[in-house]
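Undergrad: Line by line, the protein sequences give chains Z and Y.
Heads up, the final residue of the first sequence is numbered 455 in our numbering, and it's a clean run with no missing numbers.
Heads up, the final residue of the second sequence is numbered 380 in our numbering, and it's a clean run with no missing numbers.
It is possible that part of the hints are untrue.
Unchecked claim - Just the calculated beta-carbon pair ranges, DEER-fashion:
(1) E73(Y) <-> Y228(Z): 55 to 65 Å
(2) L198(Y) <-> R155(Z): 49 to 59 Å
(3) D105(Z) <-> S287(Y): 20 to 30 Å
(4) G210(Y) <-> K156(Z): 37 to 47 Å
(5) S302(Y) <-> P171(Z): 30 to 40 Å
(6) S302(Y) <-> E91(Z): 30 to 40 Å
(7) G273(Z) <-> Y362(Y): 50 to 60 Å
(8) R389(Z) <-> D272(Y): 28 to 38 Å
(9) R155(Z) <-> L280(Y): 49 to 59 Å
(10) D105(Z) <-> L280(Y): 49 to 59 Å
(11) P171(Z) <-> L83(Y): 19 to 29 Å
(12) Y228(Z) <-> L280(Y): 23 to 33 Å
(13) E436(Z) <-> Y362(Y): 28 to 38 Å
(14) Y228(Z) <-> P262(Y): 50 to 60 Å
No lab work stands behind these hints: they were computed from the structure.
Note that this is a predicted model, so its numbers are computed, not measured.
Virtual Cβ for every residue (Gly too), placed ideally from N, Cα, C.
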Amino acid sequence: MSTLKRRSFLKSSLGAAATMAALQAGAGVSANDKIIVGVMGLGGRGKSLLASLAKRNDVHIKYLCDCDTRTAGAATEIVMEGLDEKPTFVQDFRTILDDPEVHALICSTSDRWHALATIMACQAGKDVYVEKPQSMSVWDGQQMIAAARKYERIVQVGMQTRSAPYVQSAINYIESGKLGDVMLARVYLMQAGGPEPTAEEQPIPDGLDYDLWCGPSPMLPYRPGRWFQKHWDFYNGALTGDLIHQVDIARLLIGKKAPNSVFSAGGVYRFDDGREQPDTQFSTFEFDKVTMMMEGGFWCPYNHRIVHLPDKSKFPDWQFSATKIEVLGTQGIMYFGRHGGGWEVFEGDGKTRSSKSVASELSEYKWGGIIDLHFDDFFKCIRDRSTPKTDVADGHHSMNLCHLANISNRLGNQKLHWDGEKEEFIDHAEANQLLRAKYRDPWVIPETV
Amino acid sequence: MIRIAAALLMATLLFSPLTHASWLPITNLNVWNEATELAGPKIVIEYDLETPDLSPASPAYVFLHYRMGNEERWKLLSAELLGGNGAGIVEESGHKKVIWWGASQNVHQDVDTLEVQVRALAMVAVPGGAFKLRSLPGQGRDQSGRHTTARSTLPTYYLAKYETTIAMYADYLNAEGQDGTGYHEKMASEKRCGILRAEDGTYSVVPGRENYPVSYVSWYDAVGFLRWCGLRLPTEAEWEKATCGGLFLDGDETKAVPNPMPERRYPWGDEVPNAEGLYRCNFDSEEDGYPNVAPVGSFSKFNSPYGACDLAGNVNEWTIDWYTTQHHAGLDGYRVTRGGSWLDVPEGCDGVSGATLLPYKESSIMGFRGVSGPPALP
């Protein structure tokens, strides 16, 4: 499809979508109907989501979609083995949006497509499950919320830990006051990492619609691999792109929405491979009388992710947990595990000069287990039109912290002050210019959704 | 001289009409002990390898197992311990003789009960030399660091000519899998695989499925089978060179046969598999004649420059290389797979694109083949 045709197709799709959404808004799915979905983005994350979807008997996967047709085989096999059905493979996600039978779009592409695909799906009357990080900028997130609300769509973001059953008990414990007054939360992504190689330019391979693959990002010369993840125009950064999980849980546990300031330290300390984003980033967010610290580094082989631990029947060694969340109160400290691990509270005894575990909830999950729970919530919400556990607005407020930290870093690690109501930096025009990502026509986040 | 009863000729028992796709036919197996007074037992193993078209470019890989006394399990007889002309890479057909200088006192003591099995597998030689690697090295892939996309070199190695067949794998299961190791219940699918497991732990092949590629094998299953053979999985670079060819097809030692297309996209050239109505491999179409997997060698007119079959399509093939991302550095252990499958679009069956899969995944589109060559670097 040529660029010119694609532009006209986009315009007509957006026009048609508004009408369709008006017809479909509020139309739920009966309890006996299967929810019909299309899955957009069939890379590693897409296949992980498919493995969960293919276990469900309440879902019909009608479409698989990727602008790279070479992804079709492995993804199709997952569905055929799980549901004994062969989805239709399409290269352009607008085919899914144009199908009135489809109830929901599952968006598991890389970052650059998340916001626009969500907005277009809402306009087309589809509910959306969009992977994290949901946006490339603060503006993206604002428009995603606007679209979800205008078209009365369910938009669940893929921060699955919110669906872990041990979340609510942790919230209850903190709200009971047993932790004392919470003063500090710390989140971590401190683990092993490696350089990101960049291959030579090559001809665009058969079967790849490279224009569509780049989407809103610049159409740079084609190279295989993950080179694009080193560039701000394609990616939020490997640190904040994953720290969003921990940031989101920490924000949930401390009950805060937006910080008053942000300050980052760090940069490219370890991997001089042409990356624009830091491989080492320590950020501080000041809320009212609570501070959150975000620590990220890809040079810590002594730390391990809980999901990779061989024995999940016991608490992780919190000191060496790569992705833990800590909530520190005046009476105790809570360690909280992402993707399993549960939570554990320690209190100190001044007389014996020792600390001990005083409350806990162990929770063990195998790979993908929490994804299943998150989809349970999403499909329940599609049926009863309730608010999902990681609603697009929750995701937006958490993602803002990552955007703020990255903007501080991009401006030379300046301390910036934030107006959480207006969602803009205070007296800092240069920082405010970074509240919107760059977009490549026609894949532009619209001013009016 | 003590004559020892020849062992079961498993290779012959598994012989089928598509001879090239299963073990190569071995006959007249004889084993005896020529004990020497000073040096101890000298086991002689003789057999005939009756494949007419063996050559240095298209040799056989011969491996032997033995057991003695009351042992239930067969042990691989390392080719490094053997003399003669009939173990490891064998470049000519005919009568073969293997000398095993009794490797241990046990052999000496129990030699009366020694049993030997001999199996042979069709291979292709990939002569050592430079080639153009077009997939992206590094990032967990081929961490030897020896390769760049500009120019890479590999020493000579030998790749199995065909994907590992159901008959071969069932043979392995009967030898090693009595407890179910290496077997997945989906292998019983007559449409996509075809290996049945009986209650007594023995395995049989659904008739007619012998020469189809085995599927539903995890990376660990593939490694288990190949260790049993004394082989290993190919690295991603080895797989790609075997598919597209080196800069010289006879290798850098002679450089007499330039590769006309060292950057070809598919084993046969640059044409997509269904160009001009001609079907060159088994991809996602019934028009290629196969709605699911095809018997190995079904598209032998479109082999790689070295004569390897089905590197494009049919079953996707495990490699020994792993893949990771910054998020999951070294932790998840995704393995790189190559070649596309019967469920891929034609463009997905090329010699350049890779995919990744967790190693425990047992999938109807996954198969493998082995390599004999220098150890793959960690």
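Undergrad: All the hints need checking, so say for each whether the structure fits it.
TA: Now the hints, each set against the structure:
Under the hint 55 to 65 Å, the C-beta atoms of E73(Y) and Y228(Z), about 57 Å apart, fit the expected range. The given range of 49 to 59 Å is respected by L198(Y) and R155(Z), whose C-beta atoms sit roughly 57 Å from each other. Between D105(Z) and S287(Y) the C-beta distance comes to about 24 Å, which sits within the given range of 20 to 30 Å. For the pair G210(Y) and K156(Z), the beta carbons lie near 59 Å from each other, so the given range of 37 to 47 Å is not met.
Taking 30 to 40 Å as the suggested C-beta distance range, the pair S302(Y) and P171(Z) does not conform, at roughly 56 Å. Separated by about 34 Å at the C-beta atoms, S302(Y) and E91(Z) satisfy the suggested range of 30 to 40 Å. Take G273(Z) and Y362(Y): their Cβ atoms lie about 38 Å apart, and the range 50 to 60 Å is violated. At about 50 Å, the CB distance of R389(Z) to D272(Y) disagrees with the hint of 28 to 38 Å.
Between R155(Z) and L280(Y) the beta carbons are some 54 Å apart, a value that agrees with the proposed interval 49 to 59 Å. Judged by the Cβ atoms, the range 49 to 59 Å given for D105(Z) and L280(Y) is violated: they are separated by roughly 34 Å. A beta carbon spacing of about 57 Å between P171(Z) and L83(Y) contradicts the range 19 to 29 Å that was offered as a hint. Taking the beta carbon of each, Y228(Z) and L280(Y) are about 28 Å apart, inside 23 to 33 Å as hinted.
For E436(Z) and Y362(Y), the hinted distance range of 28 to 38 Å is not satisfied, since their beta carbons lie about 49 Å from each other. At roughly 25 Å, the beta carbons of Y228(Z) and P262(Y) sit outside the given window of 50 to 60 Å.
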